[in-house]
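> Residue strings, one per chain:
Number of protein chains: 2
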Amino acid sequence: MPGAFTVAIQELQELLGERLETSSSVRQHHAHDESFHLPASPEAVAFPKSTSEVSEIARICMRHHMPMLPFGTGTAMEGGVNASHGGLSIDMSLMNNILSVTSEDMDCTVQAGVTRKQLNEHLRDQGMFFPIDPGADASVGGMAATRASGTNAVRYGTMRDAVLALTVVMADGKIVKTSSRARKSAAGYDLTRLFIGSEGTLGIICEISLRLHAIPEAISAAVCAFGSVEGAINTVIETIQMGVPIARIELLDAAAINAVNQYSGTDYPFLPHLFLEFHGTQAWVAEQASIVKELAVENQGSEFQWASNTEDRTALWQARHDFAYAARATRPNARIFSTDVCVPISQLAQCILETITDIKSMPMSMPIVGHVGDGNFHVVPAVDPENEAEMLLIDSFHTRLIHRALSAGGTCTGEHGIGQGKKAFLAEELPAGVDIMKTIKHALDPDNLMNPGKVVDIN
Amino acid sequence: MPGAFTVAIQELQELLGERLETSSSVRQHHAHDESFHLPASPEAVAFPKSTSEVSEIARICMRHHMPMLPFGTGTAMEGGVNASHGGLSIDMSLMNNILSVTSEDMDCTVQAGVTRKQLNEHLRDQGMFFPIDPGADASVGGMAATRASGTNAVRYGTMRDAVLALTVVMADGKIVKTSSRARKSAAGYDLTRLFIGSEGTLGIICEISLRLHAIPEAISAAVCAFGSVEGAINTVIETIQMGVPIARIELLDAAAINAVNQYSGTDYPFLPHLFLEFHGTQAWVAEQASIVKELAVENQGSEFQWASNTEDRTALWQARHDFAYAARATRPNARIFSTDVCVPISQLAQCILETITDIKSMPMSMPIVGHVGDGNFHVVPAVDPENEAEMLLIDSFHTRLIHRALSAGGTCTGEHGIGQGKKAFLAEELPAGVDIMKTIKHALDPDNLMNPGKVVDIN
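These protein sequence lines map, in sequence, to chains A and B.
Read in the working numbering, the first sequence has 298 at position 298, and its numbers run on one by one without any break.
Read in the working numbering, the second sequence has 369 at position 369, and its numbers run on one by one without any break.
Just so you know, these hints were derived from the structure itself, not from any lab.
Note that this is a predicted model, so its numbers are computed, not measured.
Accuracy of the hints is not assured; some may be wrong.
Said to hold, decoys possible - Derived pair list, reagent style DSBU-like, types lysine-lysine, alpha-carbon separation capped at 35 angstroms:
no.: 1; chain 1: A; residue 1: Lys423; chain 2: B; residue 2: Lys438
no.: 2; chain 1: A; residue 1: Lys438; chain 2: B; residue 2: Lys174
no.: 3; chain 1: A; residue 1: Lys423; chain 2: B; residue 2: Lys360
Stated by the list, open to error - If you want the ones that stay clear, here's a sample from chain B, every Cβ over 10 angstroms from chain A, calculated:
no.: 4; residue: Glu14
no.: 5; residue: Ile98
no.: 6; residue: Gly414
no.: 7; residue: His416
Virtual Cβ for every residue (Gly too), placed ideally from N, Cα, C.
Given only the sequences and the hints, what does the whole structure look like? Please build it.
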């Protein structure tokens with residue numbers, strides 16, 4: 001409905017002045033994330049500076065029935081920011097203040113637009129870090145909204161664990177604080193966790209209090225090649241079952257290594273690899289590493305190639321983090337289609353091996369990377385979203401993969417969220433649960449104005 | 001309304017036969033928990049054996065507008081099981097089957113009536129344990145419903161972290177599975193966490209999938225006396241800030257030690273103490289202990305008194321766990337009134353010291369114990385609930401304590417929940433949040449049949 005929100009846009013302009021953008025370039029920039037999902041431009045983009053401004057914006061939008069779409073850095077994977085139902089994109093990038101850091105409590109409170117790298121830069125001198133690491137330099141608000149995790153989750157948990165409290169603006173503009181800063185609480189329903197992972201469909205996350213961690217005395221990273229994917233996965237499973245508190249344990253199959261070598265100029269052998277990291281005191285890191293080395297040897301792994309100084313470690317993890325771009329670069333003008341299943345670790349080997357067999361039937365390269373310590377892995381083909389035949393093939397591969405994961409007791413999404421693309425799978429995974437989700441969505445956002453068309457459909 | 005539920009009770013009797021009890025002794029047993037809250041008997045007590053029976057019970061109750069009150073072991077602290085609005089107590093003790101244990105995934109699925117000791121007994125041979133430890137041998141369902149934690153939470157988290165998935169019966173009898181068994185998931189709203197801590201007011205938790213942990217290679221416990229409470233607390237704060245993954249770090253002040261010595265026959269010096277436990281490999285436990293010993297020495301702590309063999313450790317923690325009974329035994333025919341504030345750890349010393357000053361103005365003994373690694377502590381006087389003057393004094397002490405905690409950025413309840421006693425404090429702590437909680441309660445239980453009068457009031 002172009003033009004339908006003329007009055008709303010005028011009111012928003014009065015509120016925000018030049019921080020309400022309607023130019024087509026800005027709208028197009030806010031029409032998509034990093035995924036293959038078809039872009040859809042919002043009618044306008046707001047750049048609020050404070051929670052109270054977000055509240056004012058919500059009041060205007062509610063009055064005019066204008067959908068509200070929170071936007072972080074646009075680095076998500078499920079089309080969650082795309083304005084599939086039109087409306088106002090609310091870009092949080094100017095809300096990038098670190099409001100407080102309490103080193104005695106090892107926590108901090110930030111505005112939603114603060115990015116994880118900005119935060120870690122700020123924290124470094126105080127000997128603390130924020131561990132959640134989805135690869136991209138995402139905003140903390142976006143990470144909370146999608147319940148992000150990434151490479152460190154096996155040790156430090158996901159955004160579910162990292163967040164102490166939120167300040168959220170509801171559809172009607174009401175400002176809600178979800179919790180105190182206490183480390184634990186039994187004070188009523190867990191509103192914090194309700195908003196984490198709600199993908200902007202229940203409210204707009206404006207401020208976040210986060211648990212931080214002490215930068216470990218020692219950090220060592222290593223790379224280990226395996227003759228087979230089974231060998232790598234079995235090493236992971238045994239490491240987890242031994243209770244080794246490994247900080248990172250990432251699988252890259254041979255196709256993924258190939259993409260990384262080409263994009264990042266590395267020269268890893270064309271074999272499945274584990275990328276590992278150990279955190280602790282010097283002695284404890286050495287002990288953890290020796291346990292895992294032994295497990296790797298038993299599973300025909302290579303010698304560990306160590307990266308103990310900061311520079312080498314940064315290069316190693318940069319290569320891992322650039323994998324999404326590396327995958328995309330394997331084909332000109334491609335978008336990436338990232339699957340995201342997560343299964344109980346006992347099912348991981350079989351699920352990945354069956355998936356590899358399935359990949360052999362596909363006409364394109366489909367590299368696999370995985371946060372395998374959590375049972376989470378991504379198959380990441382580079383696709384042309386406008387090639388219908390190809391998208392049909394990929395869709396049907398994706399459906400088979402998700403059904404494989406669901407029948408193994410897993411989930412259709414370990415960390416990317418439902419967005420627009422996985423609503424049908426969510427209903428398969430949690431059929432009765434989806435009804436409860438819809439009831440909650442309807443109760444908290446009766447006009448379906450908060451990021452409509454994502455996660456669940458109501459009305 | 002005695003007699004109001006005659007038809008409902010007849011239908012329940014048809015469904016359950018002898019597993020529907022209306023005798024006054026059984027009803028009275030289900031009228032209260034371990035707290036001072038006034039008992040209130042239900043009209044009847046159901047003993048279901050399966051989730052589908054619970055579902056049938058809910059359908060009957062909903063048809064007749066009969067309140068439903070889930071009952072675990074009756075060991076809670078906020079009167080959450082008391083039938084303050086009448087209705088049917090649903091005793092889960094016959095639902096005590098361990099449905100599955102998957103050692104490769106280090107998880108299990110149990111019925112709600114399984115107790116934590118029963119579960120740990122079952123798991124021991126498989127080298128795993130379930131760490132959440134509220135002291136009492138509570139049921140896993142009750143622990144999930146109250147978001148329980150206890151002595152191990154500083155290392156292993158609370159029920160929020162321990163639960164992978166729930167099966168819940170809603171007010172209308174619908175059976176809802178909240179999640180898969182995957183270690184992490186971004187599949188829609190976090191229904192699991194919504195029910196954890198909802199105290200039976202949103203649904204009846206019937207089955208629980210739990211994360212388990214490997215029994216550590218080495219476990220060492222120690223006791224350390226301090227000349228002052230400050231010295232003990234500062235040792236705790238520094239331990240946490242150093243990032244030492246201590247498994248337990250419990251404060252008992254001199255009054256608490258006195259009660260323990262009398263009840264358990266121990267002979268600890270009449271001084272504040274820390275009870276500590278370290279988990280890990282032999283080398284890692286030794287390293288952790290040496291770090292904490294050094295911190296204790298700097299804070300004028302005594303030599304560590306070690307308990308490394310299982311028998312000594314069990315005795316040590318039994319004495320700690322029996323503290324609630326020890327506190328009650330300080331006075332004939334008393335009930336205990338347990339406060340439960342939790343504050344950011346930077347505020348802990350001041351909050352406890354101000355509370356100690358406040359205690360000096362009180363006419364009764366008020367021992368303090370605390371899960372101080374989390375910032376959570378309990379002041380636990382033995383009271384006579386029928387002595388109005390005394391209860392007024394205690395209430396006003398409690399109000400001062402909670403206001404102290406709230407102004408320190410803390411919460412009125414770290415682990416006991418809201419129940420009937422803390423609804424007003426919840427509204428002070430999270431004024432806008434309570435409105436959201438009421439909206440959710442109203443949406444999921446429109447007739448207010450699920451444990452009415454607890455956590456939030458609607459209608």
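> Now look at each hint and say whether the structure bears it out.
Against the structure, the hints come out as follows:
no.	hint	verdict
1	A/Lys423 / B/Lys438	27 angstroms, holds
2	A/Lys438 / B/Lys174	15 angstroms, holds
3	A/Lys423 / B/Lys360	59 angstroms, violated
4	Glu14	26 angstroms, holds
5	Ile98	17 angstroms, holds
6	Gly414	5 angstroms, violated
7	His416	6 angstroms, violated
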